[in-house]
Amino acid sequence: MAEEVTFKCLRCGYEFKGTYDRKVPEERECPKCGSNSIRPLPKKKEK
Amino acid sequence: MMDVGRHPKINLLAYSEIEEITGYIGNFHVKVRKKARYVDEKACTACDECVKVCPVVMPDEHQLGLSTRKAIYMPFAQAVPASYLINMEDCLGNNPIACDKCAEVCDPKCIDFDQQDEFVEFDVGVAIVATGMYVCDPTILDEYRYTKYENVITSWEFEILTGPGYVTKGELLRPTDRKPPKNIAFIQCVGSRSEKRGNPYCSNICCMNTVKDTLFLKEHHPEIDCSVFYMDIRSFGKGYEELYKRSKAVGVKYIRGIPGDIVEDPKTKNLIVTVENTTTGKIEKHEFEMVVLSIGVIPRPETEQIQRALTLSKAPCGFLMETHYQLDPIDSPTGGVFLAGCCESPKDIKSSVIQASGAASRAETLLTTGKVKVEAITSTIIPDMCKACGICADACPYGSITVDRKAKTPAVVVEAACKGCGTCGAECRFDAIEMKHFTDRQIMAMIDAMFEEKPEEKICIFACNWCSYGGADLAGLSRMQYPPNGRIIRTMCSGRVDEKFIWHAFKKGAPVVLVSGCHFADCHYINANRWTQKRIEGMWNKLERKGIRPKRLQLEWISAAEAVKWTKVMHAVEDLRKTVTKEEIEETKKILSDKKKG
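First to last, the sequence lines map onto chains A and B. Note that the first sequence covers residues 459 to 505 in the working numbering. Note that the second sequence covers residues 119 to 716 in the working numbering.
These are computed hints drawn from the structure, not numbers from a lab.
In silico lysine-lysine, BS3-like type, Cα no more than 25 Å apart, as pairs:
| hint | chain 1 | residue 1 | chain 2 | residue 2 |
| --- | --- | --- | --- | --- |
| 1 | A | K475 | B | K314 |
| 2 | B | K660 | A | K475 |
| 3 | B | K652 | A | K501 |
| 4 | A | K490 | B | K683 |
| 5 | B | K700 | B | K664 |
| 6 | A | K501 | B | K660 |
| 7 | B | K696 | A | K466 |
| 8 | A | K481 | B | K618 |
| 9 | B | K707 | B | K625 |
Just so it is clear, the structure is predicted and the values come from calculations on it, not from any experiment.
Start from the sequences, fold in the hints, and give me the full structure.
Right, dumping it as structure tokens:
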């Protein structure tokens with residue numbers, strides 16, 4: 459299921475929000491530098 | 119259609135739906151649901167007596183509800199076979215029989231209320247997909263008020279209103295007062311060439327359809343004043359420019375500018391169109407009695423079912439992908455499946471006929487040869503290592519791997535269907551799949567050789583054969599300058615890049631690893647590069663957990679035409695490499711050789 463996550467560009471470090479669905483892969487691009495190394499940051503577990 | 123219906127070697131299954139297609143090139147098995155017509159199509163003489171007595175009147179879907187049909191009807195005048203069918207949801211004569219009038223007047227006794235859907239199964243060697251197109255929804259552009267004003271119609275409705283099958287027998291009447299209009303405006307690119315609303319692509323046929331409509335109007339009703347609002351007229355085909363010029367010569371006005379608003383005069387029901395004329399640079403208002411929206415085309419929604427069944431890939435615009443848009447525009451990526459007509463992209467009749475003839479020819483060549491050349495690079499299962507987990511079958515874009523998970527028998531690769539992307543090999547956790555010419559041993563040996571000397575200065579690059587490697591090649595041919603310390607390992611697809619190759623490169627001292635493949639829309643193996651992304655995303659998390667900077671593993675989609683992007687990426691990864699110290703590399707090696715952490 460699609461969820462709201464923070465993406466981080468592994469080239470320039472820019473962070474942005476977007477929807478992420480592991481089952482529906484999408485080509486992603488950093489809006490700042492154009493890199494495709496966009497990592498969906500894992501959600502931090504609440505203590 | 120008549121020729122197709124009469125041909126002794128063509129079995130036409132009308133009013134039917136594909137339920138299932140399995141198999142591969144030369145061995146497809148098809149299951150078709152032949153929907154019940156409740157009329158014996160062979161006995162029916164299309165005498166029309168049943169239609170005359172049927173008391174049910176319903177909107178005719180084929181005529182977009184602009185005219186009516188009976189519960190027993192022929193979908194359209196030229197339908198093949200020329201036989202009626204009963205829509206059971208509308209019919210009064212079924213269970214319990216309350217009407218039965220059609221059966222009473224039918225002399226050949228071909229009405230059969232007990233008819234059931236029938237399943238037909240057969241084997242075929244090849245398949246041609248020709249599912250056609252549909253039109254896009256004009257309501258997305260609400261400034262044209264299609265749903266509010268009756269005199270705003272679509273080009274499809276215009277076609278029906280002026281057709282000989284319509285109640286007016288082709289005479290165009292204004293919907294509000296049933297009088298012939300004095301002037302008509304055509305608005306182009308409704309739902310096409312728009313990034314935000316509608317579709318970004320050009321629908322290809324609308325310009326010439328409007329030119330044809332204006333000529334038709336001028337021929338039959340020279341008194342009607344026609345205006346066309348357009349961005350640019352795309353009269354690309356043979357004779358099309360002449361047709362466009364003829365349309366202008368007979369007095370059709372072409373105004374360059376797309377209207378921003380339509381307002382109706384409540385008294386006259388005339389439509390006031392506001393437009394910025396880009397030739398004069400002025401805002402103009404024009405009054406028309408009717409407006410025709412030239413709507414764009416979209417793929418038919420039903421195509422998706424065929425796409426899934428035949429493991430075809432879809433371009434971002436929704437049309438089916440050909441193997442190569444220039445060099446192989448008829449073949450689909452799945453062996454033995456060919457594309458014809460608008461399922462592949464919007465096109466006019468001539469182009470559809472050309473593609474259909476090509477597809478028929480390709481199919482015939484294959485069938486008469488009776489043999490197919492199997493790819494040299496295919497995957498092979500090592501039965502002793504296979505645990506029948508089935509992940510390879512899930513990963514295969516072509517459905518060429520079968521596995522019986524319950525029986526735990528080793529997976530089987532159908533070599534005729536395998537295209538050699540290697541995704542199965544990369545996904546297999548038990549090393550039970552070997553890719554011919556791209557074996558694990560070969561790739562590992564390349565990594566070993568790469569980092570024999572000064573590993574801290576090298577960048578390990580995995581590039582797919584079709585796109586990224588081509589991009590690198592073009593950068594070289596174009597004499598573009600980029601850092602020379604990148605070492606490329608070519609794989610057929612980025613889907614072949616196994617996690618263990620990347621771990622091995624880091625173990626050997628790689629400061630940075632780059633995995634590069636085709637853009638999603640260009641993947642030569644349907645969707646194999648989606649697995650690459652999934653894998654790399656997983657690896658970023660693993661790297662972080664191990665205390666290794668995830669950014670040392672980079673992922674890029676570079677096409678064969680993107681030499682500039684390749685160069686830019688090479689500079690970026692080199693900048694990144696410079697930030698990786700010898701100590702960090704040693705630490706990484708230590709982490710990965712530590713059995714607990716690595």
